[in-house]
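Protein chains: 2
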Amino acid sequence: MTLDTVLARIDDQLPQALDRLMDLLRIPSISTDPAFKPDCARAADWLVADLQSLGFDASARPTPGHPMVVAHGGTGGPHLLFYGHYDVQPVDPLSLWDRDPFDPELQDSPKGKVIRARGASDDKGQLMTFLEALRAWKAVHGALPCRLTIFLEGEEESGSPSLIPFLKGNADELKAEIALICDTGLFQDTAPAIVTMLRGLLGEELTLRAATKDLHSGMYGGAAQNPIRVLSRILAGMHDATGRITIPQFYDGVSELPDAIRSQWQALAFDHARFLGDVGLSVPAGEQDRTPLEMIWSRPTAEINGIWGGYTGDGFKTVLPAEAHAKVSFRLVGDQDPEALRRHFRAWVEAQLPADCSVEWKAHGNSPAGVMAIDNPAFEAARAALGEEWGRAAAYVGCGGSIPIAGYFKTYLGMDAMLLGFGRDDDQIHSPNEKYDLECFHKGIRSWARLLAKLA
Amino acid sequence: MTLDTVLARIDDQLPQALDRLMDLLRIPSISTDPAFKPDCARAADWLVADLQSLGFDASARPTPGHPMVVAHGGTGGPHLLFYGHYDVQPVDPLSLWDRDPFDPELQDSPKGKVIRARGASDDKGQLMTFLEALRAWKAVHGALPCRLTIFLEGEEESGSPSLIPFLKGNADELKAEIALICDTGLFQDTAPAIVTMLRGLLGEELTLRAATKDLHSGMYGGAAQNPIRVLSRILAGMHDATGRITIPQFYDGVSELPDAIRSQWQALAFDHARFLGDVGLSVPAGEQDRTPLEMIWSRPTAEINGIWGGYTGDGFKTVLPAEAHAKVSFRLVGDQDPEALRRHFRAWVEAQLPADCSVEWKAHGNSPAGVMAIDNPAFEAARAALGEEWGRAAAYVGCGGSIPIAGYFKTYLGMDAMLLGFGRDDDQIHSPNEKYDLECFHKGIRSWARLLAKLA
Chain A
1 MTLDTVLARI
11 DDQLPQALDR
21 LMDLLRIPSI
31 STDPAFKPDC
41 ARAADWLVAD
51 LQSLGFDASA
61 RPTPGHPMVV
71 AHGGTGGPHL
81 LFYGHYDVQP
91 VDPLSLWDRD
101 PFDPELQDSP
111 KGKVIRARGA
121 SDDKGQLMTF
131 LEALRAWKAV
141 HGALPCRLTI
151 FLEGEEESGS
161 PSLIPFLKGN
171 ADELKAEIAL
181 ICDTGLFQDT
191 APAIVTMLRG
201 LLGEELTLRA
211 ATKDLHSGMY
221 GGAAQNPIRV
231 LSRILAGMHD
241 ATGRITIPQF
251 YDGVSELPDA
261 IRSQWQALAF
271 DHARFLGDVG
281 LSVPAGEQDR
291 TPLEMIWSRP
301 TAEINGIWGG
311 YTGDGFKTVL
321 PAEAHAKVSF
331 RLVGDQDPEA
341 LRRHFRAWVE
351 AQLPADCSVE
361 WKAHGNSPAG
371 VMAIDNPAFE
381 AARAALGEEW
391 GRAAAYVGCG
401 GSIPIAGYFK
411 TYLGMDAMLL
421 GFGRDDDQIH
431 SPNEKYDLEC
441 FHKGIRSWAR
451 LLAKLA
Chain B
1 MTLDTVLARI
11 DDQLPQALDR
21 LMDLLRIPSI
31 STDPAFKPDC
41 ARAADWLVAD
51 LQSLGFDASA
61 RPTPGHPMVV
71 AHGGTGGPHL
81 LFYGHYDVQP
91 VDPLSLWDRD
101 PFDPELQDSP
111 KGKVIRARGA
121 SDDKGQLMTF
131 LEALRAWKAV
141 HGALPCRLTI
151 FLEGEEESGS
161 PSLIPFLKGN
171 ADELKAEIAL
181 ICDTGLFQDT
191 APAIVTMLRG
201 LLGEELTLRA
211 ATKDLHSGMY
221 GGAAQNPIRV
231 LSRILAGMHD
241 ATGRITIPQF
251 YDGVSELPDA
261 IRSQWQALAF
271 DHARFLGDVG
281 LSVPAGEQDR
291 TPLEMIWSRP
301 TAEINGIWGG
311 YTGDGFKTVL
321 PAEAHAKVSF
331 RLVGDQDPEA
341 LRRHFRAWVE
351 AQLPADCSVE
361 WKAHGNSPAG
371 VMAIDNPAFE
381 AARAALGEEW
391 GRAAAYVGCG
401 GSIPIAGYFK
411 TYLGMDAMLL
421 GFGRDDDQIH
431 SPNEKYDLEC
441 FHKGIRSWAR
451 LLAKLA
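So the protein sequences, as listed, match chains A and B.
Those letters in the first sequence? Residues 1 to 456, by full-length UniProt numbering.
Those letters in the second sequence? Residues 1 to 456, by full-length UniProt numbering.
In short, the hints are calculated from the structure, not lab data.
Lysine-lysine pairs mimicking BS3-like chemistry, simulated, CA-CA at most 27 Å apart:
1) B/K317 x A/K410
2) B/K454 x B/K175
3) B/K317 x A/K362
Bear in mind the structure is a predicted one, so any value in this text is a computation, not a measurement.
Excised from the complex, chain A in its bound form (with noise of 0.2 Å):
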């Protein structure tokens, strides 16, 4: 079988391709400093010449900002996106690091090989599994496997502020059957993982102001109101004693879990009470009828991030302030509307409000939830192939947070995406002595040669 041949490749020039990666990481792309502003264009045309030499049309594109690397090569079969980074986090404190963040070095510890540099993981080492999985399949078939752009960005750990003109100045060029976004990791370490379910965010800021100045509570207490009071009253009313969100329309959009997507999870038999124990935590505080890895998968949250009001300083007053503030944030899931729920929250907090009390608004950012569309059949190759290099069931998971390129790639393109990648919990992305383990990389392009198989 000639995928059986790539694989052999692949692991036969495994060296040849950390060595690849090492010159890559020895390359200080960080793209939030102006200093380094050369480097990363230095990364950009690593990376042109590289796809070069794989036979792509390949080229740094200039931005206001750092370039992004657009490739273009292959013919036949589907037409798939690759997405990746080649800019990297700030590296301070320095001195936390046991070498120099840009100096990588194959290291040995208890768990195995390491690959130990800023970016190793996030994500040079990623990116590099695409274009080492095509290398080999290039070697042994004399082609590329399929028609191919791969979009290697330098502005993710910045904001990229670039991306969305990009996107839409490039729309033809760049639109794709699917993206593959290589950006994240394995499942609790071990089981590979594609991430289907992305929550969006609702941020909202409120002011409630009662009297026209701050009062004593001598003069005033208990004939006053008081805004703490009907800040605290209002807030805590957002969940209900079984910790279900009671803003009217609040679950609208929100559908259950299908049961072959909970089946997965629950044979991914999370450790709750280590996700918990980590960080003090025994008891989910979320609603009742939920497990904790839905509570932050596949559940909208509302959670106040903020609140500050009266005298907060040293000592005590006695003062009933005239305003109280909190800023609010609601996780969002399915097909919830986020400026449907900034009304529904508003028109309900503004419902409450008891005479003589004015609320004033300030909205904060919002993003819908990413939901997968997994009845694309990239998806089931993909489980298939991960299933088959790491010899234990890729699972449909979720993302608590937000990875916006899906959603990007959604909106300004309308093309489908897909999050697999290979880091582990501990690879100390974005902190210190940062690090890939050799495993993660290697299986990572075995995976890829894999997927390719099936999809080509």
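Position chain B against the provided structure of chain A, taking the given hints into account.
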């Protein structure tokens, strides 16, 4: 009648009484600022000399701070102690004064003549009403009306640091049958009033903790306990829908207002709409079956004076904080026991903590309510005297705040106190352009003469 002679003497000698008050007002006895320490001593000496001119055995008694003026004189009748304070508030911002705060002047105003100077109302003008009444009495009768102790403090505006030690160290010397305290005002500027109820105060600060560190709401939102949510829920539960406080045993020691007092308060025709409207409010926020006057004078409160937790800066951060904080205070009435309430409050909060949450307490001040002994015949005598002078029934009123001296006299000397005074709401005490109405000074002196005639 000799009282008429005394009153006539007061009327006749008003210009001289005013001159004496002006002399005292020229001394900048700001107790909180060490630069004015010699001035405080000078004010004490001025009063000692004036009391000696009335035949008192008077002296300025040293303390670690400013001197206490103590004087004894007269014989027979009840032994009365009179309390006032000769120190004044600072004058900043000086630019807001229309003239030198220590260059007193009798000015015309739309409402009549006013004495303009720092301390004119608080408390030099008020304390001189009593001394001028004694002066007129002595001029007519040749002797003081009864056995008298005069006790004038010089640190009232700076926290009275020497007061309790001085009371303890001189209890036998200072104890009298009743203390007359002249540091309060007329009711709504017109009705003579005797303060018989002062609310007490209990302060508590609490920190709720859940996870061992701040968490990201993408990673943990829904599953992890949010201490702001817990704090809001608990604090929101301090009041039920009718405004009643729900803490168990909270109302222990709270009595209903006696009918006699209630009818006096009704007769005061308190302008609730103006009271609330002055600060932009219209609906009383306390217990729904109480009037605002009851709420602030005779009912206990639970107030959140400060709350903080999570991210409170600009923008937004989707943090689930590890802790949340609040400062809570209770205004106490009747026989409520502050330390018992502290225990009840803490137990009530702790019983509501969910799993994984802990609370840390910081105790702030506590003082019981002051309830004057209106069965002491001096009270009805004062009510009659005041009613005769002001042409309007005098009322027993409450005071929502604290005037600690009355409680100290009770605690350290076992002596009841009666608070009455002649200030008006627009006297600007503690503010620029303080004044005392000449009418208040004049009728205040006459009020004391009438009361002394009844008590002697």
